[in-house]
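Given the coordinates of chain A, assemble chain B with the ligands onto it according to the supplied hints.
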Amino acid sequence: MLNFFLAPLQYPFMLRGLSAAVMVGIVSAVVGTYVVLRGMAFFGDALAHSILPGVAIGYLLGDGKREPLFWSALVTAIISALGISAISRNTKIKEDTAIGIIFAGTFALGVALISTVNSYTVDLAHFLFGDVLGVGNSDLRLIVIFGGITLLIIFAFYKEFMVLSFDPVLASTLRLPVKLLDFLLLILIAVTIVVSLQTVGVALMVAMLVTPAATAYLLTKRLPIMMAFAAIVASLSGIIGLYISYYLSIASGAAIVLVCTAIFGLVWAGVSLSKTLNIKGAK
Amino acid sequence: MNVFKEFKKTSRHLTRQQRHEHDKDAPILHAEKLSMRYDSGDALSDVSFSLQEGERIAIVGPNGAGKSTLLKIIAGVQKQTSGEIQIFGHAPGGHICIAYVPQRNQVDWTFPVTVADVAMMGRVGHLGLFRNPKSHDWDVVQNALKLVKLNHLAKRQIDQLSGGQQQRMFIARALAQEAEIILMDEPMTGLDATSQEDIFGILDELQARHVTALISLHDLKMASERFDRVMLINKHLLAMGPAEESLSPEHLISAYGGSLQLIPSDEGTLALSDTCCDGEHHIAQ
Ligand SMILES: Nc1ncnc2c1ncn2[C@@H]1O[C@H](COP(=O)(O)OP(=O)(O)OP(=O)(O)O)[C@@H](O)[C@H]1O
Ligand SMILES: [Mg+2]
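First to last, the sequence lines map onto chains A and B.
First residue of the first sequence: 549, per our numbering; consecutive thereafter.
First residue of the second sequence: 1183, per our numbering; consecutive thereafter.
Please note: incorrect hints may appear among the correct ones.
[Unchecked claim] Here's a subset of chain A near chain B, in silico, CB distances under 10 Å, partners left out:
(1) T581
(2) L585
(3) Y706
(4) M710
(5) V711
(6) S713
(7) A719
(8) S720
(9) T721
(10) L722
(11) R723
(12) Y765
Please keep in mind that the hints were generated in silico from the structure rather than gathered at the bench.
Please read these numbers as outputs of a predicted model, since none were measured by experiment.
Even glycine gets a Cβ: it sits at the ideal position worked out from N, Cα and C.
Bound-form chain A, shown alone (with noise of 0.2 Å):
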């Protein structure tokens, strides 16, 4: 039975793998919960999708190494998230057809540069889904570096950005820098989309952010237990799914979110039942 957890840990890709997953939860778990309460799903899903020209370019001119691939994502990340709140502010065009339009747009510019390159299919998929058990110990560094400063703003400005989500009005009121905030919000999530870029890839990276939060959600009414609640479960999403993804040879990104979706269908279920017998004690 040990052996059964052991055995995988005699890789050093196991390790490193693990360690990226684990921080890439906490971090986009904290993150997500304002992306939950705040409503912000959609740009989430959005902005990751966009920025896939970024990482093609960055895959194209760097030959496949990593560290120009995580800049140019960065880059690419913070210049879309600035480009969709550009345009819904500055247009009558309602918010998410703005993002719609921004998000179809550049996901298939990406799609259509990586093309261009002859093991298309492979890599392309690795973009989309992610590849955590390719994390080499740069990439690690790159991920704990940016992860750490996310964690430490979201904690910096807890009150502040509590109060911005709870009631923007009182914010003005007490002259908090609104704008700056809502700005750096926006960054924190390009960053965590581009930190959880290679455990969950674009296509999925939304379920990193929200799912956790969600089920956090539905098991605590208080902010800081709910961040708490959902980072655990996305690291622990993140362990069992690398597990499961080298037992069963599933593709590690598909098996995190499917672990992941998987204790949220858990815990919605426990909770709606434990309403429906504490309606019918009542009765």
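Relative to the frame of chain A, chain B with the ligands by itself:
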């Protein structure tokens, strides 16, 4: 976005720099020819008035009269298109002594916070960046909740409050903020008589502490009975003064026009009613 202004705000928030010294001789609030124009048309036009410290003022007027707009401009949340507003002799925006109590339907009641968390939000402006609430802040919050009789519900989830309790929670937040002017947008709408009385009890307490209250409502009878002065607006300021003056039939007809109903009452006088948003009739003598 005005980057410079945002950074100024950040540094002010960082250093907890005292925003503006109050000029004690100036009226607590003075508005001069305030106008607000949206793409859809004028919401306010040439509104001028002054408030004295500790007054309780009712703002009445039909739907779309600009009541919410006026409150938001005073709160500094919206910028007027023209005109000037001074609070203790300074432009708003530099003040955190103003508390704005939102219309209840504009609040996300499913947000994961407790009653005490919301009241503590009023302290955020006093705390500044990177600082956590200290025992003094918890005392302030505790006292605020006690005053609105919610201390036993401090740990309760906000989605488990009655309408009256929700309103009292926001008043507690204003108290925690140590606000000197409290702006409330239709706080009485949808509350039963008991809850309304509770809130007036708290407003009396606030008045004893010289807090100035500016409150929008649709109930003309309540406006005439429970407030020091009544402000009647419909884009323009039509009247402002004691209820007998500002709610005279001529003024009311010019404010409400066709939607005003004139009903002969038992005593042979005219009762005037404002057909409000919820379809109820509010009667004023
Ligand atoms: N953000 C906005 N953009 C465009 N027009 C607006 C905006 N906010 C308000 N208005 C318009 O300004 C006018 C005044 O609105 P306001 O909400 O201040 O009225 P009100 O007196 O509070 O009404 P109610 O009794 O229904 O609450 C209305 O005609 C409204 O349509
Ligand atoms: Mg209104």
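A quick look at each hint next to the structure:
Interface hint status for T581 of chain A: upheld, as the beta-carbon distance to the closest one in chain B is roughly 9 Å, under 10 Å. The restraint placing L585 of chain A at the interface with chain B holds, with a minimum CB-CB distance near 6 Å, inside the 10 Å limit. Taking 10 Å as the C-beta cut-off, the interface hint given for Y706 of chain A holds, the closest approach to chain B being about 9 Å. Contact between M710 of chain A and chain B, as hinted, is supported at the beta carbon level, the nearest pair being about 7 Å apart and thus within 10 Å.
At its closest, the beta carbon of V711 of chain A sits 5 Å from a beta carbon of chain B; the interface hint therefore holds under the 10 Å criterion. For S713 of chain A, the interface hint holds, the least distance from its beta-carbon to any beta-carbon of chain B being 7 Å, beneath 10 Å. Proximity of A719 of chain A to chain B holds as hinted, the smallest CB-CB distance being about 8 Å (cut-off 10 Å). Of the supplied interface hints, the one on S720 of chain A holds, with its beta-carbon coming within about 5 Å of a beta-carbon of chain B, less than 10 Å.
Hint on T721 of chain A holds. Least Cβ distance to chain B is approximately 5 Å, under the 10 Å limit. A hinted interface residue such as L722 of chain A counts as satisfied when its beta carbon comes closer than 10 Å to some beta carbon of chain B; here the least separation is about 4 Å, so the hint holds. At a threshold of 10 Å, the smallest CB-CB gap from R723 of chain A to chain B is about 6 Å, leaving the interface hint in force. A hinted interface residue such as Y765 of chain A counts as satisfied when its beta carbon comes closer than 10 Å to some beta carbon of chain B; here the least separation is about 7 Å, so the hint holds.
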